Every structure is written in structure tokens, then in C-alpha cells.
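2 protein chains.
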Amino acid sequence: MSTTEHAALHIDEDRFLNELRTLGAIGTDTEKGGRTRLALTDAERQGRDFVKGLMTDLGMRVQVDQIGNLIGTLSSKDDSKPHLMMGSHIDTVRNAGALDGCYGVLGGLAVCRAYQDAGILPERPITVIAFTGEEGVRYHPDMLGSLVYAGGMSLEEGLASHGIDGTVLGDELRRIGYDGTAPVGTIVPAEYIELHIEQGPVLEAEGLTIGAVFGVQGISWQRITINGTANHAGTTPTRLRRDAGLAAAKVIAFMRKEIADNSGGTTIAATGSIAFEPNLVNVIPRKAIFTADIRDPDETKLQEAEKKLLAFLEQLRETDGIEFSTESLARFEPVKFDEPIVSLVAQTAQELGLPAMRMVSGAGHDAQMIARIAPAAMIFVPSAGGVSHNPREHTDDQDLIHGLRVLLRVVQRRLESPSCE
Amino acid sequence: MSTTEHAALHIDEDRFLNELRTLGAIGTDTEKGGRTRLALTDAERQGRDFVKGLMTDLGMRVQVDQIGNLIGTLSSKDDSKPHLMMGSHIDTVRNAGALDGCYGVLGGLAVCRAYQDAGILPERPITVIAFTGEEGVRYHPDMLGSLVYAGGMSLEEGLASHGIDGTVLGDELRRIGYDGTAPVGTIVPAEYIELHIEQGPVLEAEGLTIGAVFGVQGISWQRITINGTANHAGTTPTRLRRDAGLAAAKVIAFMRKEIADNSGGTTIAATGSIAFEPNLVNVIPRKAIFTADIRDPDETKLQEAEKKLLAFLEQLRETDGIEFSTESLARFEPVKFDEPIVSLVAQTAQELGLPAMRMVSGAGHDAQMIARIAPAAMIFVPSAGGVSHNPREHTDDQDLIHGLRVLLRVVQRRLESPSCE
Numbered sequence: 001m002s003t004t005e006h007a008a009l010h011i012d013e014d015r016f017l018n019e020l021r022t023l024g025a026i027g028t029d030t031e032k033g034g035r036t037r038l039a040l041t042d043a044e045r046q047g048r049d050f051v052k053g054l055m056t057d058l059g060m061r062v063q064v065d066q067i068g069n070l071i072g073t074l075s076s077k078d079d080s081k082p083h084l085m086m087g088s089h090i091d092t093v094r095n096a097g098a099l100d101g102c103y104g105v106l107g108g109l110a111v112c113r114a115y116q117d118a119g120i121l122p123e124r125p126i127t128v129i130a131f132t133g134e135e136g137v138r139y140h141p142d143m144l145g146s147l148v149y150a151g152g153m154s155l156e157e158g159l160a161s162h163g164i165d166g167t168v169l170g171d172e173l174r175r176i177g178y179d180g181t182a183p184v185g186t187i188v189p190a191e192y193i194e195l196h197i198e199q200g201p202v203l204e205a206e207g208l209t210i211g212a213v214f215g216v217q218g219i220s221w222q223r224i225t226i227n228g229t230a231n232h233a234g235t236t237p238t239r240l241r242r243d244a245g246l247a248a249a250k251v252i253a254f255m256r257k258e259i260a261d262n263s264g265g266t267t268i269a270a271t272g273s274i275a276f277e278p279n280l281v282n283v284i285p286r287k288a289i290f291t292a293d294i295r296d297p298d299e300t301k302l303q304e305a306e307k308k309l310l311a312f313l314e315q316l317r318e319t320d321g322i323e324f325s326t327e328s329l330a331r332f333e334p335v336k337f338d339e340p341i342v343s344l345v346a347q348t349a350q351e352l353g354l355p356a357m358r359m360v361s362g363a364g365h366d367a368q369m370i371a372r373i374a375p376a377a378m379i380f381v382p383s384a385g386g387v388s389h390n391p392r393e394h395t396d397d398q399d400l401i402h403g404l405r406v407l408l409r410v411v412q413r414r415l416e417s418p419s420c421e
Numbered sequence: 001m002s003t004t005e006h007a008a009l010h011i012d013e014d015r016f017l018n019e020l021r022t023l024g025a026i027g028t029d030t031e032k033g034g035r036t037r038l039a040l041t042d043a044e045r046q047g048r049d050f051v052k053g054l055m056t057d058l059g060m061r062v063q064v065d066q067i068g069n070l071i072g073t074l075s076s077k078d079d080s081k082p083h084l085m086m087g088s089h090i091d092t093v094r095n096a097g098a099l100d101g102c103y104g105v106l107g108g109l110a111v112c113r114a115y116q117d118a119g120i121l122p123e124r125p126i127t128v129i130a131f132t133g134e135e136g137v138r139y140h141p142d143m144l145g146s147l148v149y150a151g152g153m154s155l156e157e158g159l160a161s162h163g164i165d166g167t168v169l170g171d172e173l174r175r176i177g178y179d180g181t182a183p184v185g186t187i188v189p190a191e192y193i194e195l196h197i198e199q200g201p202v203l204e205a206e207g208l209t210i211g212a213v214f215g216v217q218g219i220s221w222q223r224i225t226i227n228g229t230a231n232h233a234g235t236t237p238t239r240l241r242r243d244a245g246l247a248a249a250k251v252i253a254f255m256r257k258e259i260a261d262n263s264g265g266t267t268i269a270a271t272g273s274i275a276f277e278p279n280l281v282n283v284i285p286r287k288a289i290f291t292a293d294i295r296d297p298d299e300t301k302l303q304e305a306e307k308k309l310l311a312f313l314e315q316l317r318e319t320d321g322i323e324f325s326t327e328s329l330a331r332f333e334p335v336k337f338d339e340p341i342v343s344l345v346a347q348t349a350q351e352l353g354l355p356a357m358r359m360v361s362g363a364g365h366d367a368q369m370i371a372r373i374a375p376a377a378m379i380f381v382p383s384a385g386g387v388s389h390n391p392r393e394h395t396d397d398q399d400l401i402h403g404l405r406v407l408l409r410v411v412q413r414r415l416e417s418p419s420c421e
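Protein sequence lines, in the order shown, are assigned to chains R and W.
First residue of the first sequence? That's 1 in full-length UniProt numbering, and the numbers climb one at a time after it.
First residue of the second sequence? That's 1 in full-length UniProt numbering, and the numbers climb one at a time after it.
Do not rely on the hints blindly, as some may be mistaken.
The list treats identical chains as interchangeable, and a pair is accepted whether it falls inside one copy or across any two copies.
The list that follows gives simulated cross-link-like pairs (lysine-lysine, BS3-like), each with its CA atoms no further than 25 Å apart [to be verified]: (1) Lys307 x Lys287; (2) Lys307 x Lys336; (3) Lys308 x Lys257; (4) Lys81 x Lys52; (5) Lys32 x Lys287.
Simulated from the structure, these hints should not be mistaken for laboratory data.
Because the structure is a prediction, the values reported are computed rather than measured.
Turn these sequences into a full structure, and let the hints guide you.
Shown next, in the form of C-alpha cells:
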């Protein structure tokens with residue numbers, strides 16, 4: 001592919017932004033704002049129908065696999081070559097923004113449209129995929145469709161997942177007519193590129209437009225229970241207290257000071273949730289239950305952080321006379337994306353004059369599952385105020401278009417890459 | 001009164017312990033344990049009837065004043081002399097123990113019985129009083145009956161107090177037949193002595209039997225609200241966080257380390273209650289609401305502690321980027337009891353061979369209200385495990401008797417005190 005051909009490909013920006021708005025209007029929550037399009041609900045089926053329609057209009061071969069992943073493939077000069085895959089998801093959390101997931105799916109289709117509009121056949125097949133149940137709100141775990149796709153969970157287990165509303169995933173797939181027949185995971189692409197909003201404040205705070213995402217942080221979620229003794233807060237001298245609430249407070253302060261601040265910025269740690277028992281103003285807490293959310297892009301450092309936390313809890317047993325237990329709520333090792341693609345994203349942004357940085361993703365994405373079976377990477381654009389999973393989720397149209405241009409250019413480069421021919 | 005007369009007075013121990021058990025059986029909660037005898041309920045009326053019956057049996061003059069305080073007075077050699085008053089309350093919290101309050105009322109009556117059994121007329125009238133609504137569970141504030149008695153609240157305001165169940169105190173007094181006619185506070189005693197369980201762990205921990213209570217701690221209860229920013233705990237770098245939960249944790253740790261530990265043991269501080277918003281594992285708390293319970297026997301030190309807390313919150317505004325507000329939930333200045341009576345209690349315990357210490361009360365008691373109008377003090381006996389306001393509240397019978405013997409001897413001494421003749 002020549003430079004001339006590069007110039008010949010154009011994103012239909014208005015059409016793309018319109019498609020985002022149209023998809024974003026499906027499942028509108030008039031009461032609490034935003035849209036609620038939980039996986040495999042009627043609203044999400046409407047979203048699937050809309051995306052499927054776009055794929056059909058583009059002349060793509062549309063497949064639905066057995067876990068319900070919606071797959072469109074654009075023909076190429078040589079369909080026997082390994083596919084280039086783009087994608088994300090179109091299910092949402094409750095009262096979501098319009099961009100999370102949808103930006104990547106519609107962005108992939110916009111790239112395909114650029115080829116179609118230009119009358120250019122790509123060197124290799126291009127596949128766009130909308131994975132089933134990424135958000136994990138209705139069916140656990142999150143990223144279910146891509147996890148099954150990558151072989152990290154059996155099809156049977158995925159289909160048997162029980163929803164928070166008592167439904168079974170396989171039944172709901174049938175109900176909405178997306179119980180596909182294509183075997184799962186048969187398209188193993190040469191690369192997977194996911195365009196996504198950052199869902200964090202870094203790009204905005206740094207005044208940058210593009211994030212070349214080189215990995216996903218490892219996540220360690222724990223529920224910590226500290227047991228002390230409930231005593232009258234007025235009659236119990238300090239030396240006789242076994243204050244579970246105080247011990248919890250010490251842990252929270254320790255996580256920031258000794259785990260996050262001491263990591264050189266790579267480890268982040270927070271307590272988002274807490275409860276005291278009996279939770280009365282004048283009773284020393286007999287119990288404190290709270291969560292620890294610790295993340296790091298490096299598995300060794302994440303393990304070090306976990307060990308530090310445990311050691312501190314053991315120390316509190318001595319100093320504060322408390323007992324404790326911990327329960328793992330979630331544990332994911334960090335994911336490293338494919339370095340050549342990450343570099344290509346950074347380099348492309350530079351060529352387009354877009355300020356960019358290499359960064360990790362704090363949140364989980366389908367790309368981390370597909371990274372198990374293929375070279376993968378992600379492109380981030382700024383999220384205003386770092387807000388996502390919220391009706392206030394917002395990215396300027398200009399930034400959405402910038403990200404899409406980077407995606408298009410990266411796709412073009414990868415398709416002309418000798419390694420894939 | 002001679003030493004011979006001292007020897008002639010004896011507590012009828014079995015009868016006293018039986019009376020405690022009988023009163024303790026009124027309002028039994030078969031479901032959750034203990035007894036629930038909230039002020040002016042049918043169960044508390046039964047308790048009042050029982051106490052009134054004991055007063056009548058003792059030949060005391062029984063009065064009910066306009067706020068419902070139940071008052072029995074034993075005649076003396078000279079009824080024109082100022083009264084010696086003992087008392088406490090017989091209302092309870094929910095699922096209470098049998099001793100809180102009742103010990104002091106029945107203990108006072110047991111002292112009267114000792115005079116009656118010995119056929120000895122006391123030098124001055126002895127009054128035993130059961131104050132209305134000490135616990136403050138049904139009607140606010142706590143210590144209402146003694147507060148009105150001491151002139152700290154008008155009778156009208158007291159009668160108008162609205163219960164948590166929508167009732168009005170004055171109406172309920174009428175309903176249970178304890179809307180007395182005696183003017184409130186007309187008996188201004190020469191001394192008020194309240195026998196009570198400690199409701200704290202100090203005496204037990206120190207291996208002591210008697211507490212000569214020289215004051216009641218000042219109490220400062222605040223509700224503190226810290227406002228930060230809710231952000232994704234995975235995508236927000238540490239430097240961009242405004243973590244309301246972390247700031248709350250720092251305050252809790254500060255209160256222990258810089259307020260309590262640095263006070264030389266007199267100031268105590270705790271956070272008993274806390275809530276985060278939105279309280280999700282992966283969202284940095286935008287809001288933390290928690291309580292501060294700070295106490296000190298010295299008003300200056302209590303004010304210093306409050307200032308330290310405020311200064312630390314102001315510092316957090318700079319260091320942590322949070323905003324805060326505080327609301328006073330309760331504020332009582334410390335109370336100092338009458339030194340001659342306190343010394344007499346300590347000296348009496350020593351004479352009886354009972355290990356004792358001078359101490360402050362952590363909890364509030366009717367004695368602190370009566371201290372506004374008369375010399376007052378309290379006698380404490382150990383609470384097993386420091387537990388009170390709980391069906392597990394317990395004091396060994398032997399300790400109850402020891403406390404009662406101290407009370408009797410203190411009463412004898414005060415009655416022969418020249419200052420009161």
C-alpha cells in the first residue's frame with residue numbers, strides 16, 4: 001500500500017458521530033439519566049440489531065458465535081491471510097455514558113467504511129467484534145465474551161453464568177435471538193486493536209490527546225475484616241481499647257503512604273468501601289469491614305504491595321490487639337500489550353501531530369483477554385474529568401475523531417506490515 | 001452518732017439482691033434478651049409501682065413531682081434539717097442489664113431499710129429519688145428528670161419533649177398515672193450520693209472494688225463530613241485524587257495519636273460511626289461522614305482537643321484537597337463532684353478494707369445534674385468486661401454488696417457531719 005492510498009482513506013466523521021449518538025439513544029434512562037443497556041436485555045438486543053445492520057450495510061460477513069459475540073468481517077484482497085481485528089463491547093452499566101465500548105466497535109466499523117467508501121480492498125480481512133457482556137453488571141465475570149473467546153473460560157461455563165436477576169446467560173441469548181452457531185474463537189487475528197475512552201483523568205490532566213496503552217494494571221481487590229472489642233467510648237481508657245475502626249483507619253492511611261506514595265507512582269491503592277459495627281457514636285467499633293483496591297502494571301510490585309499490607313495487618317495484631325481476616329474479591333495479573341503495536345500507535349499520533357503518551361489502563365478491557373491469543377494494544381482518548389460509568393461521561397467530538405484517525409492509520413500500517421503478509 | 005450506732009446498722013443483703021432481681025424481671029425481653037423498660041412505657045410504670053411499693057413499705061413519704069420524678073423521704077429526728085439525697089433512675093435502654101440505675105435507687109432504699117430495721121431515726125431526712133427518663137432513648141435529652149429538677153430545663157420544655165414514637169412526655173406521664181403534683185426541685189439536699197455500676201472496664205482491669213468518682217468527663221460529639229471527588233480507583237493516579245475516605249482515616253488515626261495518646265491519658269477520643277459515599281470497592285470516596293467522640297474531665301483540655309481536631313482538618317484541606325464541615329451532636333462541660341464527699345467515699349472504702357481508686361465517670365449520670373444545686377458524688381462498683389447497656393451487663397453480688405456498704409457508711413458519716421446540723 002502506497003502513501004497515495006493512505007491519502008485516499010477518509011473517515012466519514014459526521015456519519016460516525018451520528019452512529020455514536022444513535023446507538024447511545026438505545027436504552028435511554030429517562031429517570032436517572034444516560035442509558036442502561038445491560039448485556040442481553042431487550043435494550044442491548046436493539047443495540048446489537050443496530051450494529052448488525054451497520055455491518056450488513058458495509059457488506060461484511062456477519063457471524064454470531066456460540067457465546068453471542070457479534071462478528072463482522074470485511075473481505076480483502078486475500079481472505080486466507082490472518083485477520084486484523086478491532087472491537088470492544090456495546091453492553092453498558094446502569095446509567096452509562098454513550099462512549100464506553102461503543103466507541104471501539106463503531107470506530108472499527110468506521111475504519112471499514114473508509115475502505116469501502118474509497119473502493120479499496122484491504123490487504124487482509126478486517127474483523128470488527130462486539131463482545132458479549134464486558135461490563136459484568138448482569139453476568140459475572142466482566143469481559144466474559146472475550147474471556148470465552150480467548151479460551152480463558154469454557155463455553156459451557158459462560159452459557160451457564162447466572163445473572164443478578166436470576167436469569168441464565170444461555171437462555172437470554174436464545175431469548176433475544178443471539179444464540180449464534182459460529183464456534184467460539186476460530187478467528188485468531190494477527191493483531192487486535194481496541195479504541196477506547198480512557199475512563200480516567202490522566203490524558204486530560206496532562207493536556208494530551210492520545211494514549212498508547214502498553215498494558216493493563218494488575219488488580220488486587222481484598223475485603224479486610226478487623227475484629228476488636230465493642231466498648232463504651234466514654235468509659236474505656238485508651239490503653240484498654242481494641243478499636244477495630246482505628247485499626248482500619250491505620251490500614252487506609254498506610255496503603256496511601258507506604259504502598260502508593262512509596263511506589264514511585266506505579267502502585268495505586270484505595271479503600272472505597274467501609275462499615276463499622278455497631279456503628280454508634282459512643283461505642284468503640286468491634287468490627288470494621290473494608291475493601292482494599294491495589295493495582296500495579298507490574299506483577300512483582302503488586303505482590304510486594306500485597307505483602308506489605310499483610311505485614312502491616314500482622315503488626316496491628318500486636319500493637320492494637322485486633323484480629324483480622326482477608327478475602328480476595330478479585331485478582332488479575334497485569335497484562336502487557338504488544339510492543340510493536342504500542343510503538344506504532346505512539347508514532348502514528350506523533351505523525352498526525354497529536355500529543356500522546358504511553359500509559360497503562362487502570363480499568364479492565366476486552367483487549368486484555370484477546371492479548372492471550374494475539375498481539376494486542378489499545379488507543380485511548382481523554383475522558384472529561386476522568387468520569388465514566390456515568391451519564392456525565394464525555395469526550396469532545398474532536399478527540400473522538402483524533403483517536404479514530406490514529407486507529408485508521410495504525411490499521412493501514414499493520415495491513416501493509418510485511419510480517420503479516 | 002456514736003460508733004455503737006454505726007455497728008447497729010446492717011444491710012439486709014439477701015432482700016436487696018432479691019429486689020434487684022424482681023425489678024430486673026420487669027420488662028423482660030424474651031426475644032433479644034435483657035429487659036426493655038423505656039421511660040414512661042407500661043413496663044416502666046410497673047417498675048415505678050414496684051419502687052413506690054418499697055417506699056411505702058418503708059414508711060417513707062412518697063411524692064411524685066410534676067416531671068414524674070418519684071421521691072420517697074424517710075423521717076428523721078429533725079425533719080426541718082436539709083435532706084440527704086440518694087438516687088438514680090429505673091428506666092432502661094433496649095435490652096438492658098438489670099443494674100444500670102436500679103442499683104442506685106434500690107441501694108438508697110436498702111440504706112433506709114437499715115435504719116428502719118435497726119429502729120434508728122436518722123439525724124436528718126433521707127430522700128431517695130428515681131429520676132424520670134435518664135437514658136434518653138425514648139425522650140431527649142438524657143438525664144431529663146434530673147436536669148429539670150436542677151433547673152437546667154424548664155418544666156414546660158420537659159413535659160413537651162417528643163418521643164421517638166411520636167408521643168409527648170407529659171401525655172405519657174398522665175397515661176401511666178405518674179403526672180405528679182409536687183413542685184419540681186423543692187427538696188434541695190445537703191448532699192446527693194449516687195451508687196452506680198461503672199459501665200466501664202477500669203475497676204475490673206485494676207483489680208479494684210470501689211471507685212470514688214470525683215467528676216464526669218466533658219463530652220464533645222461531632223459529626224464530620226469530608227467532601228472529596230469520586231473517581232475510578234483504577235484509572236486515577238494518586239496525585240489527582242481527592243480521597244474523602246483517606247482523609248477520614250487520617251483524622252481517626254490523628255485523634256488517637258495526637259489527641260488521646262498525647263494527653264497523658266486524660267483525653268479519650270474515638271470514631272464509632274462512619275459511612276463512605278458511594279461506598280464501592282473501585283470508586284474513590286467522594287464523601288466520608290463520621291463521628292468524633294472526645295472526652296476529658298477538664299474543660300480546658302477538652303477545648304484544646306477540639307481545636308487540635310479542627311486545625312488538623314484545616315491542614316487536610318491543604319494537603320488532601322478536601323473540604324469539610326463539622327456539626328456538634330452533643331457538648332457537655334466536665335462536672336466536678338464535691339471534694340469532701342469524694343474523699344469520704346475513698347476513706348470509707350479504705351476503712352472497710354476495699355481496694356479503691358479516685359476516678360472520673362465516662363458516662364453521664366443524674367448526679368452531674370444534681371451537682372448544679374447540691375454537693376454531689378458517686379460510688380462506682382466494677383462492671384464485668386466494662387459491658388453495660390447490654391443483657392451481658394454484670395457485677396458480682398459481692399461487689400454490689402461492697403458498694404452498698406460503702407454507701408451506708410458514707411450516709412452515716414454525712415448524717416453525723418457537723419456541717420449539716
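Results for each hint:
1. With identical chains, the CA atoms of Lys307 and Lys287 are at most 25 Å apart within one copy only, with a shortest distance of 23 Å there and 29 Å across copies.
2. Proximity of Lys307 and Lys336 under a CA criterion of 25 Å is satisfied intra-copy only: 23 Å inside one chain copy versus 50 Å between copies.
3. In the homo-oligomer, the alpha carbons of Lys308 and Lys257 lie at most 25 Å apart both inside one protomer (12 Å) and across protomers (22 Å), since each shortest distance falls under that limit.
4. With identical chains, the CA atoms of Lys81 and Lys52 are at most 25 Å apart within one copy only, with a shortest distance of 24 Å there and 99 Å across copies.
5. For the identical chains of this complex, Lys32 and Lys287 are inter-copy neighbours only, at 20 Å across copies versus 35 Å inside a copy, given an alpha-carbon limit of 25 Å.
Checked against the numbered hints above, the structure breaks none of them.
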